[in-house]
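Enquirer: Each chain is listed here by its residues.
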Amino acid sequence: MSTPSTALQSVPHEPGAAKPDPVVVVNGIRRTFGGLTAVDVEHLEVQRGVITALIGPNGAGKTTFFNLLTGFDQPDAGSWSFDGTPLKGKAAYKVARLGMVRTFQLTRVLSKLTVLENMRMGATGQRGERLWAAALPALWRAQERDITDRARDLLKRFNLDAKEEDFAGSLSGGQRKLLEMARALMVEPNLVMLDEPMAGVNPALKQSLLGHVKSLRDQGMSVLFVEHDMDMVREISDWVVVMSQGKVIAEGPPTSVMSDECVIDAYLGARHDTDISELEHLIQVEHAHDHAEQTVDREDPR
Amino acid sequence: MDIIGAITGALHDGFGYVAVSFCLAAIGLNIQFGYAGLVNFGQAAFLSVGGYIMGAAIATSGIPTVLAILLAIAFTVALALILGIPTLRLRADYLAIVTIAAAEILRLVFGTSFRTYFHGKDGVTGFTAGFRSLNPLPNYDGFFLTYSREELWTVMVGWGLVIMISLFTWALMRSPWGRVLRGIREDEDAMRSLGKNVYGYKIQALILGGVVGCAGGFVGAFGAASVQADTFNLDFTFIALTMLILGGAARILGPIVGAVMFWAILSFLGSVLTQLAGYPVVARFMNADQASIIRLMLVGLVLMLLMIYRPQGIFGDRREIALDAH
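Residue numbers (my numbering), protein chains in the order written: chain A, 6 to 307; chain B, 260 to 585.
I should point out that these hints are in silico values taken from the structure, not numbers from a laboratory. Ideal placement from N, C-alpha and C gives every residue a C-beta, glycine not left out. A few of these clues could be false.
[As the list claims (entries may be wrong)] Just so you have them, the derived chain B footprint on chain A, three or more residues with Cβ under 8 Å:
1. 92–105
2. 108–117
3. 124–131
Looking at chain A on its own, in the form it has when it is part of the complex:
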């Protein structure tokens, strides 16, 4: 029986490559804001049970893509499915209930609630959350006890159990990241989508977070995360997807992707390895060319 990452060995290193067992399939998603095309992904498949990294320079459209996939934003065109279920037009809360749970770039813990309450909030299916059952504790108290036990187990795993009664607003930035990840796990997701989980996290905590992300995969969940920290990407991801200017420009295991010419150009600019004196000459040539074009336009009014 092949492990999840060996299943990827036969996949070609091309953008839009088909995967043996995709959990998410994306077709032709486009999102424009006025004249700017933020996302234009022709085809993408995310393999089940592995850790996929989504990288790309700032402004590539990664977070917008996350928002589109999870129902927090509506695309202009395109369709996508999760575990075979089409998601177009589905509200964000329904997508979460199906098992596709995302975290946010800037943590969104509920500061005015305690850590334990934050965790309990993550549980789905609690009967007491429905109005007709809410006023009768007998109908939901048993469920609440189970939820609390599960919450405490998760908090222990993330080393937050001592903070159970503290207001989430009193936690440090790194602790909030852990809480948000732990809370997302309460939803019992199949696919965990982490938006820059390492942003603003100190190096010591990074290792701990890396360990948690790996354990998610080991428990059978699929992970899709956006990151800028290339060391982290290299260390834990099984597959990397590179976006630039809204499009997927490369896919493959971390080592092959990071030496891909297109990818390096995307991050560093198309002329990053041109000598600077040659660069000045190139710019002058281009300016002359543009000037010539403008003169032609003026002589030829339409």
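Fit chain B to the known structure of chain A by using the hints.
Expert: Here is chain B on its own, set in the frame of chain A:
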């Protein structure tokens, strides 16, 4: 200066049926705004629907009291849906605008249209027979605890409703449903990412708060034995809101204590200022008519000071209030 008279008058008013109707309006606002963070500036609309529909159903159509009450509640739910469905997917400001407009529209419609049912500016009367026939108090003339027999019955029913509704609200807010509501108040998108149907919860909170307000309309109507459109003006909603903030939003006791204190103090100030206007020294600056307006100025001042120095009110928790700018 008759201070004792001013105090007994204040107590009479503070626990009377008008205070109760304000109290129920404030409890409704507490559910919508205190717990769910919805800005409803038209709570008076729900009271007016309660009073008018029930009153007109009994007086004009001869419908028995209990059925008239159920009919009024049905209309209230419909109003909440009409207000909520278009606006709750949008920013909070839109609900505020729509609810102010709705309250004013209803006030004008009740005051001028469908005269066979609502009798224009005269308002609706003659609907209290069924309610009064249930009065179990022994027959007495004059006043007991400053209340006449009919008034005492209304006051008792009113406070009974306040207690039952408050207990129900307390039970709700301790439940997971209440927890979700508080989460929504703080961060809707975070709640969506956890699989909660934010829109549905907001509609439910709007309806619940509206039905509680409708009950306030009943109490006010039975107490005054009439329903008049101009009672339910913009001032009404903002006085109820002030009571809620004074007592402490998102606290069960908040609207109750806020309503009683506010109305009692307002009454006390009214008596004292009117009596003061009788003294020549004061009469140079203020006559009796102005006294009642000046006390409203003082109300505005109190509201301002509350918002600046103690926005959580008497019982509120500073860390929890929905009024926080951030």
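Enquirer: If a hint holds in the structure, say so; if it does not, say that too.
Expert: Verification of the hints:
Judged by the Cβ-Cβ criterion of 8 Å, the region 92–105 of chain A is covered by chain B as claimed, because 6 of its residues qualify and three suffice. Counting residues of the region 108–117 of chain A whose CB lies closer than 8 Å to any CB of chain B gives 7, which reaches the minimum of 3, so the coverage claim holds. Judged by the Cβ-Cβ criterion of 8 Å, the region 124–131 of chain A is covered by chain B as claimed, because 5 of its residues qualify and three suffice.
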